[in-house]
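A.B. asks: Residue strings, one per chain:
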Amino acid sequence: MIVLDHVSMKYPTGTLALDDVTFHIGKGEFVFIVGSSGSGKTTLIKLLLNEIKPTKGDIVVSGMTYSKLKRRDIPKLRRKFGVVFQNFRLLKDRTVFENVAFAQQVVEKSNKEIRREVPAVLTMVGLASEYKKYPKQLSGGEQQRVAIARAIVNRPDIILADEPTGNLDPANSTEIMELLDDLNKKGTTVVVVTHNKEIVDAMQKRVIRLKKGKIVSDVVKGGYKDED
Amino acid sequence: MKISTLRYSIKQSFISIRRNLLFSLASIGTIVACLFLFGVFYSIIINMTSEVKSIQSTLTVSVFFDEGTDENRIMEIGNELKSISNVDTINYVSAEKAWAGYIDDVYNGDTDYVHAVFGDDNPLENASSYEITLKNLSKQNETVEVIKTIPNVRKVNSSDVTAQSLNSVSRLVGYASIGIITILFLVSLFLISNTITIGISVRKEEIAIMKLIGAKDSFVRTPFVIEGIIIGLVGSFIPLVMLYFMYNAMSQYLSEHFTLIANMFKMVPVAEVFKGMAPVSVAIGVGIGFFGSLLTTRKHLRV
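Sequences listed follow chains A and B, in order.
Note that the numbering used here has the first sequence beginning at 1, numbered continuously upward.
Note that the numbering used here has the second sequence beginning at 1, numbered continuously upward.
To be clear, the hints were calculated from the coordinates, so they are not data collected in a lab.
Each hint should be verified, as a subset may be incorrect.
As the list claims (entries may be wrong) - Over 12 Å on every C-beta distance to chain B, these chain A residues come out as not near it, computed from the model:
1) E51
2) F81
3) E113
4) A128
5) R150
6) A171
7) G223
Said to hold, decoys possible - The calculated DSS-like cross-link candidates involving lysine-lysine, where the alpha carbons are at most 27 Å apart (straight line), are:
8) K68(A) <-> K53(A)
9) K139(B) <-> K204(B)
10) K80(A) <-> K204(B)
11) K266(B) <-> K109(A)
Unchecked claim - Short, incomplete list of chain A residues facing chain B, as computed with Cβ under 8 Å:
12) T13
13) L16
14) D20
15) K53
16) T55
17) K56
18) G63
19) V83
20) Q86
21) L91
22) A103
Beta carbons: idealized from backbone N, C-alpha and C, even for Gly.
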């Protein structure tokens with residue numbers, strides 16, 4: 001599903017953000033990518049979403065080889081991912097319904113499909129009754145649920161969550177992780193980039209640990225290490 | 001593109017126009033100014049062209065022959081004249097016809113008096129001629145020079161300079177209008193580009209999310225391009241409506257208050273002016289909006 005083959009990323013400033021990173025994530029896996037700030041997590045997300053290109057190595061996602069991608073293929077690649085952004089990144093001037101519908105409008109779904117699928121997804125994340133509210137009227141946890149609803153509404157192959165619990169209290173964090181776990185159990189590959197020790201320890205999933213741009217451990221069922 | 005996507009893009013365009021209302025109005029304002037001036041110059045030029053044409057049709061060049069030139073040679077000269085590219089129509093005026101015309105013009109058709117003075121003589125016996133009209137009066141001098149080289153042509157009487165002067169003024173107005181309109185077009189393009197740039201910066205976050213969740217280039221650009229087209233369209237309709245009423249009012253005012261001018265100079269009917277001006281104005285307005293926004297989105301979005 002996701003293959004990184006000896007990927008290195010050196011920025012024009014000379015910073016080596018990722019150094020010869022190789023891993024494989026299979027279909028249906030739930031993987032944490034952990035590490036402190038400066039470990040290369042953000043660069044990894046940017047590479048996966050093809051916002052930047054690696055200076056060495058190659059990436060393959062769902063059979064799409066990044067080095068062979070044409071410009072017009074980039075939207076197709078990005079539609080394989082459902083992205084849950086750090087700080088939610090909801091559109092403040094749109095309601096819950098409109099925020100989720102936005103993801104479908106972007107991939108040019110018909111209004112009929114939008115009217116059918118958005119309420120179903122909102123029900124799934126437990127926000128069916130809040131569809132008219134604006135983001136500022138919701139709690140942090142609810143906002144993150146909207147962000148997850150937006151990420152999953154197009155039924156992506158992979159959910160890529162960047163610090164999904166970064167702005168949440170422990171109770172909300174647990175709920176969000178349970179939601180992601182449920183989606184994973186239904187077959188979606190989930191990649192969570194985080195430095196939240198509690199949830200990584202609690203979930204006992206595969207953990208890839210980055211340090212200064214290198215993979216320092218890749219454990220099938222692991223927890224967070226204090227040194228991170 | 002799907003209908004739902006088009007509907008979404010149109011909705012977003014209106015939202016963007018509303019959000020940046022001042023800039024949108026400024027863009028519309030410059031297009032209005034630009035196309036209003038275009039319309040004014042267009043009306044002037046079309047009226048002058050029409051006037052030049054009507055004068056041109058009344059002005060003739062007369063070609064006289066050497067004394068004693070026989071009829072065959074006169075016919076040959078006629079054929080040679082027809083072969084000159086700038087010659088439009090050609091009409092043979094016999095000596096009798098010329099004399100009859102002279103009697104009409106000078107003696108008000110008083111044939112009794114003329115007969116009493118001249119008897120059966122025709123003082124214009126050697127004044128048979130060809131009267132020709134030209135396609136392009138501005139090339140009259142060149143054409144006259146060519147005609148003068150034809151053997152047995154004694155004299156060529158050409159029309160005065162009125163039509164030529166009108167033609168030159170018309171051309172001058174044309175050049176001036178092209179200059180002014182070009183400057184205004186550039187200002188319009190610049191302002192539209194600014195409006196779209198602001199629209200892009202206001203929606204920066206939305207565009208970034210769009211791109212990351214798989215929006216195609218065209219999906220991101222379309223609302224901005226539609227916004228430009230709407231601005232261009234509104235900007236082209238306003239001056240058309242203004243000019244329609246102003247032209248009619250002016251036409252009416254001239255005929256009511258300046259009868260003399262109105263008799264000399266007949267304004268082209270408004271419907272005829274608008275037949276050409278309306279589609280061109282709309283095309284220019286939409287064109288400025290379309291290209292202004294397209295170039296800006298290409299420059300700023302790079303999606």
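A.B. asks: It remains to establish, for every hint, whether it holds in the given structure.
C.D. replies: Status of the hints after comparison with the structure:
no. : hint                : in the structure
1   : E51                 : violated, 8 Å
2   : F81                 : violated, 8 Å
3   : E113                : violated, 9 Å
4   : A128                : holds, 22 Å
5   : R150                : violated, 8 Å
6   : A171                : holds, 27 Å
7   : G223                : holds, 30 Å
8   : K68(A) <-> K53(A)   : holds, 11 Å
9   : K139(B) <-> K204(B) : violated, 60 Å
10  : K80(A) <-> K204(B)  : holds, 23 Å
11  : K266(B) <-> K109(A) : violated, 59 Å
12  : T13                 : violated, 21 Å
13  : L16                 : violated, 25 Å
14  : D20                 : violated, 26 Å
15  : K53                 : violated, 15 Å
16  : T55                 : violated, 21 Å
17  : K56                 : violated, 24 Å
18  : G63                 : violated, 16 Å
19  : V83                 : holds, 6 Å
20  : Q86                 : violated, 12 Å
21  : L91                 : holds, 6 Å
22  : A103                : holds, 5 Å
In summary, the numbered hints that this structure violates are 1, 2, 3, 5, 9, 11, 12, 13, 14, 15, 16, 17, 18 and 20.
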